[in-house]
Every structure is written in C-alpha cells, then in structure tokens.
Amino acid sequence: MKEQELEELLYRYENNAVTEEERALIESWYLQHRESDLPEYTMEERLVDAEAVWTGLHQQNDNRKIVRLLLRIAAAASLLIICTFGGYRMLHNRLPVRQIAENTVNDVAPGGNKAILTLANGEKIYINDAKKGVITHQAGIKITKNKKGQIIYQASHTNNAVGISNDNTLVMAYNTLSTPRGGQSSVTLSDGTVAYLDAGSSIKFPVLFSGNERRVAITGQVYFDVVHNAAKPFKVDVKGQTIEDIGTSFNINAYDDEPVIKTTLLSGSIKISKGSKSATLVPGQQAITLLSMDAIHVKDVDTEEAKAWKEGYFLFNNEKLESVMRKISRWYDVDVVYPEGQKLDVEYWGSITRYGNVSKVLNMLQITGDVKFRVDGKRIIVSKK
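Take the sequence shown: its letter number 245 is residue 633 in my numbering, and every next letter is one higher.
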C-alpha cells in the first residue's frame with residue numbers, strides 16, 4: 389500500500405468519512421497493536437485510546453489519537469491489514485466494498501451457550517432448558533448451573549472436600565458434556581479444574597476423581613485451567629495422545645476436520661505423549677501432532693490465538709481461507725461451499741468479534757481479500773471476485 393493511499397484512508401477515518409467496515413477494520417487492527425514497541429507513544433496514551441475504542445467513542449478527537457498511532461506503526465511495519473493472494477494486497481479507499489447481507493433474512497446469528505450433559509445412566513440434560521441452581525446429585529457430588537449457564541460439580545460436605553477420592557477400588561461414574569455446532573459451554577470439575585468447550589466439542593469425565601490420577605477425554609477444542617495436584621496428575625486423552633498437566637492453562641484443538649492436533653501451553657508445564665514419543669512444553673509453545681505419526685513437533689507461537697475463541701473473538705494470523713471458514717462454519721453452524729476448479733490461495737490477518745451476525749464477519753473478510761461470499765440459508769458460498 390502506497391504511503392499516500394494509507395494517509396488518505398486514515399484522513400477519512402479521522403474525519404469520520406469511512407464506511408462501517410473500514411472503521412471496524414482499522415480499529416480491530418489498532419487494538420491488536422496498541423501494545424506495540426513505540427517508545428514515543430506513552431502507555432498512558434495507549435490506555436486512553438484503547439478505552440475509547442472499546443467503549444465505542446468515535447468522536448473526532450479519539451479518531452485523531454488512533455490515527456497518530458496507526459501512522460507510526462504503519463510507517464514502521466508498512467502494513468495495515470494483509471491478505472495474501474500470490475502477493476500482498478492492502479485495503480484502500482478505491483477497493484469496492486460489497487455488502488454481504490443485502491437481504492437480512494439470509495443472515496445467520498452467532499453461536500451461544502448451548503450444551504447437553506449426559507449422565508452415567510444415559511439421561512440427557514439440555515443445559516439451556518435447565519433452571520439455575522441444583523440440577524442433580526451423583527456420587528456425593530452436587531451438580532449445579534450458575535447464572536451464566538456454567539456447569540459446576542461440587543463436593544458435598546459428606547464427601548471429600550476437594551472432589552477427589554483416595555479409594556482406588558471406587559467404580560467411577562462418567563458424565564459427558566457436549567456442545568453442538570454453534571454452541572459453547574464450560575464445566576467446573578469436582579477438583580476445581582475448569583474446562584471451556586468450543587463449538588462441536590465434548591469432554592468425558594468422572595463425577596468424582598479417584599485413584600492415582602485425574603483423567604478425562606475430549607473431542608473438538610477445549611481450553612483447560614487445571615488445579616494442580618502433584619500426587620494425582622491431571623491427564624487428557626485425545627486421538628491417541630495424552631497431555632499431562634504440571635500446573636497448567638492450555639488449549640487443545642483436535643477437531644476431526646483439522647489436519648493436525650494443536651496443543652498450546654499458556655502457563656505452567658505439560659507433557660505430551662504419543663506412542664513412543666513425548667515432549668514437555670513451556671509457556672508460549674505449541675505441540676503439533678498427526679494421527680498417522682508418533683512424531684511431536686514443538687514450536688513457539690502467539691498464545692493469543694489459542695485463547696481468542698474463549699475470550700469472544702476470532703484471531704487470524706496469516707491464516708488460510710479454508711481454516712478461517714472452518715471456524716466460521718462451526719461457530720455459526722453453516723456449511724461452506726467452494727467453487728469447482730478455482731484455487732483460492734488467500735490468507736487473513738486480524739481479529740473480529742464472534743458475537744456479530746455472520747454477515748459482519750464476511751464483510752470484513754471480503755473487503756480485505758480477493759474472494760466474495762453469498763449467504764444462502766445455512767450455506768456460505770465462496771467465489772473469486
């Protein structure tokens with residue numbers, strides 16, 4: 389993007405002359421870079437500006453502050469929002485903005501808190517329909533739903549206060565919490581560990597942990613905040629591999645439609661075992677494994693990407709179109725249709741809330757790339773511009 393084109397875009401933003409999509413694009417990028425290493429831009433200025441954007445204050449003065457920061461960052465980084473299509477292409481005022489949801493009847497609402505709890509006896513409890521408060525009791529554990537719709541397993545006074553039994557002969561009762569496409573949920577296990585489930589995911593766990601370990605099994609994408617207990621390690625089974633926590637927050641992405649399993653460590657330490665191979669991660673590292681191989685590849689990553697979904701937004705870091713659309717498909721419970729015989733070699737960078745209608749997300753993708761989208765019922769049709 390030429391310097392003049394960038395200045396024109398930011399000038400129009402400063403004077404409130406940009407489209408809604410251009411404004412959202414600029415501010416999304418700004419928020420991602422407000423912590424940039426800019427010594428002449430004080431932390432106090434950054435905090436004031438960030439608060440202004442978050443609260444939706446779009447007065448002219450606030451725009452000027454953001455523009456000052458954007459000009460400094462853009463001058464150093466030479467980019468605004470990047471989309472790769474055999475090269476780099478930038479958003480500017482000559483790029484036509486094509487609205488997706490011309491007919492709002494075809495728009496799709498975002499996902500929300502939806503889950504099904506399957507008890508050991510096969511009984512299913514639809515969390516959305518369950519009233520707040522105590523849902524049921526099992527094995528001395530009280531199962532409740534709080535005002536946020538979260539499920540909590542809590543040891544009663546007559547049971548072990550930490551939700552763990554030392555009786556190795558105890559026959560454990562297993563429950564399963566599952567989310568549909570377009571759903572998300574969380575459960576606090578009897579030991580205090582919290583599991584956050586993304587759309588199309590599940591976790592199978594004992595009502596009360598017993599024995600020498602705490603073991604659960606998952607599908608899909610689950611983020612864990614584990615209560616550490618060195619005497620009884622917490623282990624997660626997923627697609628032939630085991631993740632063992634050593635006092636940890638970590639995210640596992642193991643969807644069936646993803647080519648690899650990604651385990652990202654945010655704090656503490658975890659050990660990953662697959663076949664004869666094992667690896668121990670430190671915060672900021674990600675382990676990548678394939679179903680067909682025992683090899684474990686470890687690399688350094690931006691952990692913001694791993695927790696973005698839990699915090700309510702999509703985060704794309706030079707992410708291919710197909711990967712982006714798989715996330716959208718799961719969260720909005722839609723099918724994605726691609727054109728036959730057309731190669732769409734597109735990558736996206738940036739972030740956007742998960743809580744807007746699908747048209748808003750697609751509009752953002754469309755104005756920054758070389759593809760267009762059409763919503764047809766529960767289908768998104770992708771094609772070249």
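Because the hints were derived from the structure by calculation, they are not lab data. Backbone N, C-alpha and C define an ideal beta-carbon position, used for all residues, glycine too. Just to be clear, a hint being listed does not mean it is correct.
Straight-line Cα separation of at most 27 Å, DSSO-like style, residue types lysine-lysine; simulated pairs [stated by the list, open to error]:
#, residue 1, residue 2
1, K519, K530
2, K731, K698
3, K519, K535
4, K623, K519
5, K530, K520
6, K502, K536
7, K592, K695
8, K623, K502
9, K687, K502
10, K530, K623
11, K592, K623
12, K687, K748
13, K708, K623
14, K520, K623
15, K650, K620
16, K592, K533
17, K519, K687
18, K592, K535
19, K731, K695
20, K698, K659
21, K533, K520
22, K695, K773
23, K698, K536
24, K592, K520
25, K748, K766
Cβ-Cβ distance ranges computed for the label pairs, FRET-style [stated by the list, open to error]:
#, residue 1, residue 2, range
26, D644, A508, 37 to 45 Å
27, G599, S661, 16 to 24 Å
28, Y701, V648, 32 to 40 Å
29, N706, M681, 38 to 46 Å
30, R762, Q542, 42 to 50 Å
31, Y726, G528, 50 to 58 Å
32, V582, T524, 15 to 23 Å
33, A561, S664, 28 to 36 Å
34, G672, G700, 19 to 27 Å
35, N509, D682, 36 to 44 Å
36, Q730, T668, 18 to 26 Å
Results for each hint:
no.: 1; hint: K519 / K530; verdict: holds (15 Å)
no.: 2; hint: K731 / K698; verdict: violated (32 Å)
no.: 3; hint: K519 / K535; verdict: holds (9 Å)
no.: 4; hint: K623 / K519; verdict: violated (31 Å)
no.: 5; hint: K530 / K520; verdict: holds (13 Å)
no.: 6; hint: K502 / K536; verdict: holds (11 Å)
no.: 7; hint: K592 / K695; verdict: holds (21 Å)
no.: 8; hint: K623 / K502; verdict: holds (25 Å)
no.: 9; hint: K687 / K502; verdict: violated (34 Å)
no.: 10; hint: K530 / K623; verdict: holds (23 Å)
no.: 11; hint: K592 / K623; verdict: holds (12 Å)
no.: 12; hint: K687 / K748; verdict: violated (33 Å)
no.: 13; hint: K708 / K623; verdict: violated (32 Å)
no.: 14; hint: K520 / K623; verdict: violated (30 Å)
no.: 15; hint: K650 / K620; verdict: holds (25 Å)
no.: 16; hint: K592 / K533; verdict: holds (18 Å)
no.: 17; hint: K519 / K687; verdict: violated (44 Å)
no.: 18; hint: K592 / K535; verdict: holds (23 Å)
no.: 19; hint: K731 / K695; verdict: violated (30 Å)
no.: 20; hint: K698 / K659; verdict: holds (23 Å)
no.: 21; hint: K533 / K520; verdict: holds (5 Å)
no.: 22; hint: K695 / K773; verdict: violated (32 Å)
no.: 23; hint: K698 / K536; verdict: holds (14 Å)
no.: 24; hint: K592 / K520; verdict: holds (22 Å)
no.: 25; hint: K748 / K766; verdict: holds (16 Å)
no.: 26; hint: D644 / A508: 37 to 45 Å; verdict: violated (25 Å)
no.: 27; hint: G599 / S661: 16 to 24 Å; verdict: holds (18 Å)
no.: 28; hint: Y701 / V648: 32 to 40 Å; verdict: violated (23 Å)
no.: 29; hint: N706 / M681: 38 to 46 Å; verdict: violated (25 Å)
no.: 30; hint: R762 / Q542: 42 to 50 Å; verdict: holds (48 Å)
no.: 31; hint: Y726 / G528: 50 to 58 Å; verdict: holds (52 Å)
no.: 32; hint: V582 / T524: 15 to 23 Å; verdict: holds (20 Å)
no.: 33; hint: A561 / S664: 28 to 36 Å; verdict: holds (33 Å)
no.: 34; hint: G672 / G700: 19 to 27 Å; verdict: holds (22 Å)
no.: 35; hint: N509 / D682: 36 to 44 Å; verdict: holds (37 Å)
no.: 36; hint: Q730 / T668: 18 to 26 Å; verdict: violated (44 Å)
When each numbered hint is compared with the structure, violations occur for hints 2, 4, 9, 12, 13, 14, 17, 19, 22, 26, 28, 29 and 36.
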